[in-house]
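Enquirer: In this note's numbering, the protein residues as written are 5 to 217.
Because the hints were derived from the structure by calculation, they are not lab data. Every residue, glycine too, gets a C-beta built ideally from N, C-alpha and C. Please note that a few of the clues may not be correct.
As the list claims (entries may be wrong) - FRET-style restraints, in silico, Cβ to Cβ:
no. : residue 1 : residue 2 : range
1   : A49       : D119      : 19 to 25 Å
2   : H18       : T122      : 21 to 27 Å
3   : A130      : P60       : 34 to 40 Å
4   : H30       : S52       : 36 to 42 Å
5   : D186      : Y80       : 34 to 40 Å
6   : A130      : K16       : 34 to 40 Å
7   : H87       : S166      : 37 to 43 Å
8   : S52       : S166      : 34 to 40 Å
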Amino acid sequence: MLIYAAADVHGKSHRIGGIERQVALHRPDILVLAGDISRRLKPQAMLSRLDRLGLPVLLIGGNSDSRRLTRLLPSYPHLRSVHLSMTRIDGVEIVGVGGTLPLPFHSRLGIREADTVTRLSRMLQANSVLLVHPPPYGIRDRVLGRFHAGSRAVKRLVERCSPALVICGHIHEQSGVEKSGDTVVVNCAMGSTSEGALIRYDGRSSPDCTMLP
Numbered sequence: 005m006l007i008y009a010a011a012d013v014h015g016k017s018h019r020i021g022g023i024e025r026q027v028a029l030h031r032p033d034i035l036v037l038a039g040d041i042s043r044r045l046k047p048q049a050m051l052s053r054l055d056r057l058g059l060p061v062l063l064i065g066g067n068s069d070s071r072r073l074t075r076l077l078p079s080y081p082h083l084r085s086v087h088l089s090m091t092r093i094d095g096v097e098i099v100g101v102g103g104t105l106p107l108p109f110h111s112r113l114g115i116r117e118a119d120t121v122t123r124l125s126r127m128l129q130a131n132s133v134l135l136v137h138p139p140p141y142g143i144r145d146r147v148l149g150r151f152h153a154g155s156r157a158v159k160r161l162v163e164r165c166s167p168a169l170v171i172c173g174h175i176h177e178q179s180g181v182e183k184s185g186d187t188v189v190v191n192c193a194m195g196s197t198s199e200g201a202l203i204r205y206d207g208r209s210s211p212d213c214t215m216l217p
């Protein structure tokens, strides 16, 4: 399966345009959005553009998304939240958690850490994809190249469950691919140097990831 992954769109028209171009060019099977998708107010126009892509769009909210975003999704047949749930597509299991596990930044969608880690641990398998907004602490998470700003809770999940793939964003300047043990971590934040990532994964072999300039 070919996954197109992106994060930190922030409702910006040129970034949604980038997603539209990449979908037209690469024809992925699904689009996965790892949070910070829209502006806080009036996200409907952006959701409509995503829905018109005509492929399944799996998403979670990020620290700047409002709870209203998820409530709007039933109006868009191609868009689906995977918050605290497992979705299987073409043999690939995708487990998601929206909002942020504790971070040193303000968050509109905070998550109670202990309960969330326990619930996700029960769903994650060695061949799972974990969709989460912040990266694991210490992996693709340096701010200004100086200090780590990832989530220790996500790091513990990765260490405990060793999912095959983590798709995240949040730290815009750290888009890229890195391994943590047996887990491939893809920070697919959109920005001046990246329009996300293409990921080939069949639910068995190691994910093959390419960043999109």
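Enquirer: Now look at each hint and say whether the structure bears it out.
Expert: How the hints compare with the structure:
Hint check: A49 to D119, Cβ distance near 35 Å, so the stated range 19 to 25 Å is violated. Between H18 and T122 the beta carbons are some 40 Å apart, a value that contradicts the proposed interval 21 to 27 Å. Checked against the hint of 34 to 40 Å, the pair A130 and P60 fails, with Cβ atoms roughly 24 Å apart. The given range of 36 to 42 Å is broken by H30 and S52, whose C-beta atoms sit roughly 22 Å from each other.
For the pair D186 and Y80, the supplied restraint of 34 to 40 Å holds, since their beta-carbon distance comes to about 35 Å. Checked against the given bound of 34 to 40 Å, the beta carbons of A130 and K16, roughly 36 Å apart, stay inside it. H87 and S166 have their C-beta atoms about 22 Å apart, which leaves the hinted 37 to 43 Å range violated. Between S52 and S166 the CB atoms are about 38 Å apart, so this pair conforms to the stated range of 34 to 40 Å.
The structure does not agree with the numbered hints 1, 2, 3, 4, 7 stated previously, though it agrees with the rest.
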